[in-house]
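Peer 1: Read top to bottom, the protein sequences are chains P and V. Mapping of the first sequence onto the working numbering: residues 1 to 98, in sequence order. Mapping of the second sequence onto the working numbering: residues 99 to 523, in sequence order.
The hints are simulated quantities; they were obtained by calculation from the structure and are not laboratory data. For clarity, every value in this text was computed on a predicted model and none was experimentally measured. The beta-carbon is built from N, C-alpha and C at its ideal position, and this holds for glycine as well. Treat the hints loosely; a few may be bogus.
Claimed, not checked - With a straight-line Cα cutoff of 25 Å, these simulated SDA-like cross-link-like pairs (lysine to any residue) come out:
| hint | chain 1 | residue 1 | chain 2 | residue 2 |
| --- | --- | --- | --- | --- |
| 1 | P | 64 | V | 201 |
| 2 | P | 91 | V | 385 |
| 3 | P | 64 | V | 205 |
| 4 | V | 225 | P | 40 |
| 5 | P | 64 | V | 164 |
| 6 | P | 64 | V | 257 |
| 7 | P | 64 | V | 138 |
| 8 | P | 64 | V | 135 |
| 9 | P | 91 | V | 102 |
| 10 | V | 164 | P | 86 |
| 11 | V | 434 | V | 363 |
| 12 | P | 64 | V | 131 |
| 13 | P | 91 | V | 160 |
| 14 | V | 164 | P | 89 |
| 15 | P | 91 | V | 152 |
| 16 | V | 225 | P | 89 |
As the list claims (entries may be wrong) - Listed below are several chain P residues computed to face chain V (Cβ distance under 7 Å; list not exhaustive):
| hint | residue |
| --- | --- |
| 17 | 13 |
| 18 | 17 |
| 19 | 72 |
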Amino acid sequence: MERQIGFWQALWGVVRPDILAQYRDTAITLNLLLIIAMVQLGFFGLALIHTDRELLGVLEFLHKWATVVVFGVFLYTIVARSIAVAITAHKRAEESDT
Amino acid sequence: MIRRLHYFLAIDDAARQRAALLSAGAGLIPGMLLQWYGEPFDVSAYFSLAVASAVFTLRIWLYCRKANSRVSIKPVVGGRAFKSAAVAAAVFILCVLPAPRVEAHVLDHRLRALTPGAPLTSDAPKKITDTLELAQRLGLPVPSTTLVRVRNAIKGAAVNSSNLDELPPAADALASYGRSLEPHPTSRGAEALEEMRLAGRLAQDAAIGHRAVDEAEANAAVEAYTRAVDLSDGDHFIQSRALLARAGVLALLGRFDEAYTDAKRAEALDSTDLYPIVLLEGIVLATHAKEPADLRQATGLLKLAAKMRAPSDLASSQIMAVTTLAEVYYDLGQYKDSCATALPGLPSAPSLLRGALYQLLSLCYLRSGEYEQALTIAKAYAARGDDPRSTEWLELVSNYPEDRSSTLNLLEKKREPLHLTLHRS
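Pulled out of the complex, with its shape left as it was, chain V reads as follows:
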């Protein structure tokens, strides 16, 4: 029996391969069936391997029991040429296979599958985030058509106010991936990049401490970005970056319609930098809204912008998203949402906006029936002493319990809408 065992293990390749094949088949079927009927994969796999091992052992035992039969010695893998060819094929595939390209194709396909024409599924934003972060980490090139498709899907979901909790990380991942791509400029493109660097410094100087804007510096930055756009020499990548950067400075100057035009131009050039696009579209949609549906669309876009990571050159614009969102909620009659949005923005608001924010907040609280809160806000507004309208505002809020409807009407007339303040700033 021991001799048979030795023959089986060392010499009779054919019998060994038959046993392996049989045990593999015997293990495969119960494992697949178990998983098919709902067992977890690991449980099914261990069961499958247990069956395969039992069958293999049984085959060995049966083989060894045939004490006097002849042992057929027929190596299955006899030819050296075949083995060499197999090794050569493996090495060839490993060396020649463009692995990054295959991986990029897989990620591309995954992103396309996640962003069909229909609205995004509930788990799609999370998967988009993971896929884009992986592509960025591995430096894999995702085609621009796919990135645009993802951008449009995220924007569409924001406009429809769906998947809003998971959308900002996906939008951030997309923007981050787009920014990680390196430009390959022509000589004029290199000049454009130089202009952009200059403009970037000017824009930084223009936004002094995120509280006020140095108009002269900001205008110089706009001119430098305009030169960069002209010098971009048809390079969509550089041109869209320059347009979005110019849009950011124009937004700082309160020139939202021009900024929006730049953002739309950059969007048409396949830019994936979603932050300025959704921010400016949201602000412009909110300020020019004619129907409640427009306001609701603006809400989705502004919510997305408010929760996204603002790029460093647009850090001061985050407050614009927050204040406009609060204003849109107010116009839609969602006073509690308006208060909840505006209150955290108060400390970081520029001085020009702060007065309008105090007014909006006290009105929100009055309309929500929280008079004490409204009075506290009006008192804080008056205590600042930097706005001559604040004293009159406090008096009106104090008179609210005596004559509610006419006081509210009067306060509404006196209130300066935030979007007008943004334009004025």
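Chain P extracted, bound-state conformation:
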């Protein structure tokens, strides 16, 4: 006997690969942010032992930009994925129509 597939199950079957991929990307971003947070703690420690202000300033500059690009690229991957999913869904709909 053929097994009935419900609406939500079918939907999950369609979006599952994208959601899992997004989950993996998010995990990687969170790991990077964790590393960035640890580096921030390192700066606190360096400040406490009165490390040269100029050196700390350079390190903080690099750290700030690392945070900017990690966040920025992550946000852009979400945007790109959304656009791509919309395009693929449209194409699939066209193919099924024909």
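Given chain P's structure and the hints, the job is docking chain V onto it.
Peer 2: Showing chain V alone in chain P's frame:
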């Protein structure tokens, strides 16, 4: 192509991560360079993100163009263990990390960096104010050595008359932070606090309407504070508070040298309550000044005290700072500054001080060449009718245009210096 796009986004983690890494690097470099060459951070950041996005999109397009090549499927984050470990580490750090302690260390470091051995920089007082207000708002413990360092830096700046416009808020923030700390007394310390509460009530009763002092009540308050000092049981926090409170009452009684000794003792016990310290040091320095340099140092301290927020138990002492400052300006020959300082203090001055203030003001105006103003002040002084010397004073001021130098000399001889009046009061 659509299939390749789907593979790229959903399955080929390695290719996606390579694209992300490449675009991050491509965005990072122009953004940093732009900021390095003076562009504002937001402009540089938007440009950086635009470059990163363009490179990421280009990578996707190039990937999708390889229509017939094999897709390598190799998840970058495959192991569940690794993900679990990362989440566990994040939760552990969030739970175990003593965030307030780290924040307190950061504020401590900031305050230390702002108060090097050298004089304060022009923006340091504002930053000190912000940092201390933040520490107080968040209830963060700043070490007492740092607070003392800040106190000494502010006092040093006041003595050198530098950053005077920004100093009072910084001094207020320091005093407010010090007062916000809660004592943790021993049993004898608790008795000392009880004595201080009693003394506080007596001191309040002693300063009747900020115009006169009830000597008996004030002496009782001094005795109660003395008992509190004895009972403080070596607790520096309680002892310094009791000493400063006693100094305030002694100042009300005109016993400035004793008050100053108490303030210095409290200062040695790391008190950060700057108001009584700078006020009393300024008054004592002004009254015992031997050199103009002493007077100039007193000016800085008194200016700071006059612009600070006086604590409620010392509200009546603000006029002391103003009148002594006016007197110091007069002694330094800065007559216009003296007039500008003394005139606003006239309405709130106690009756004993008011006569001496009228005299100082009319002399200031005469020495500044403003005879009409001097005459108006002398007339107002005489019109009050509560000082027998005022009529003679008005006559002398009226005679000034006829014989200027001898009248000035005579007025100087008749004038009662304000600091003597303060001591007498």
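Peer 1: If a hint holds in the structure, say so; if it does not, say that too.
Peer 2: Each hint tested on the structure:
Among the hinted pairs, residue 64 of chain P with residue 201 of chain V is consistent with the structure: their alpha-carbon atoms are about 19 Å apart, no more than 25 Å. As the CA atoms of residue 91 of chain P and residue 385 of chain V are separated by approximately 93 Å, the hinted pair breaks the 25 Å bound. Only pairs whose Cα atoms come within 25 Å are accepted, and residue 64 of chain P paired with residue 205 of chain V is accepted, the gap being roughly 20 Å. Our distance criterion of 25 Å between C-alpha atoms is met by residue 225 of chain V and residue 40 of chain P, whose separation comes to about 22 Å.
Between residue 64 of chain P and residue 164 of chain V, the direct Cα distance comes to roughly 36 Å. Violation of the 25 Å bound is thereby established for this hinted pair. Note on residue 64 of chain P and residue 257 of chain V: the hinted pairing is violated, with a Cα-Cα distance of about 40 Å set against a maximum of 25 Å. Of the pairs offered as hints, the one joining residue 64 of chain P and residue 138 of chain V holds, with about 14 Å between alpha carbons and a cut-off of 25 Å not exceeded. Note on residue 64 of chain P and residue 135 of chain V: the hinted pairing holds, with a Cα-Cα distance of about 16 Å set against a maximum of 25 Å.
Restraint check for residue 91 of chain P and residue 102 of chain V: the C-alpha separation of about 13 Å stays at or below 25 Å, so the hint holds. Taken as a hint, the residue 164 of chain V and residue 86 of chain P pair is honoured in the structure, with Cα atoms around 21 Å apart against an allowance of 25 Å. For the hint pairing residue 434 of chain V with residue 363 of chain V, the CA-to-CA distance comes to about 36 Å; that exceeds 25 Å, so the pair is violated. Using a Cα cut-off of 25 Å, the hinted pair residue 64 of chain P and residue 131 of chain V holds, with the two alpha carbons roughly 13 Å apart.
With a C-alpha separation of about 20 Å, the suggested pairing of residue 91 of chain P with residue 160 of chain V holds against the 25 Å cut-off. Annotation: proposed proximity of residue 164 of chain V to residue 89 of chain P holds, straight-line Cα distance about 21 Å (limit 25 Å). Between residue 91 of chain P and residue 152 of chain V, the direct Cα distance comes to roughly 24 Å. Compliance with the 25 Å bound is thereby established for this hinted pair. This hinted pair does not check out: residue 225 of chain V and residue 89 of chain P have alpha carbons roughly 56 Å apart, beyond 25 Å.
Violation of the interface hint for residue 13 of chain P is found here, the shortest Cβ-Cβ separation to chain V being roughly 12 Å, above the 7 Å cut-off. Interface hint status for residue 17 of chain P: upheld, as the beta-carbon distance to the closest one in chain V is roughly 4 Å, under 7 Å. Because the smallest distance between the Cβ of residue 72 of chain P and any Cβ of chain V comes to about 4 Å, under 7 Å, the interface hint for this residue holds.
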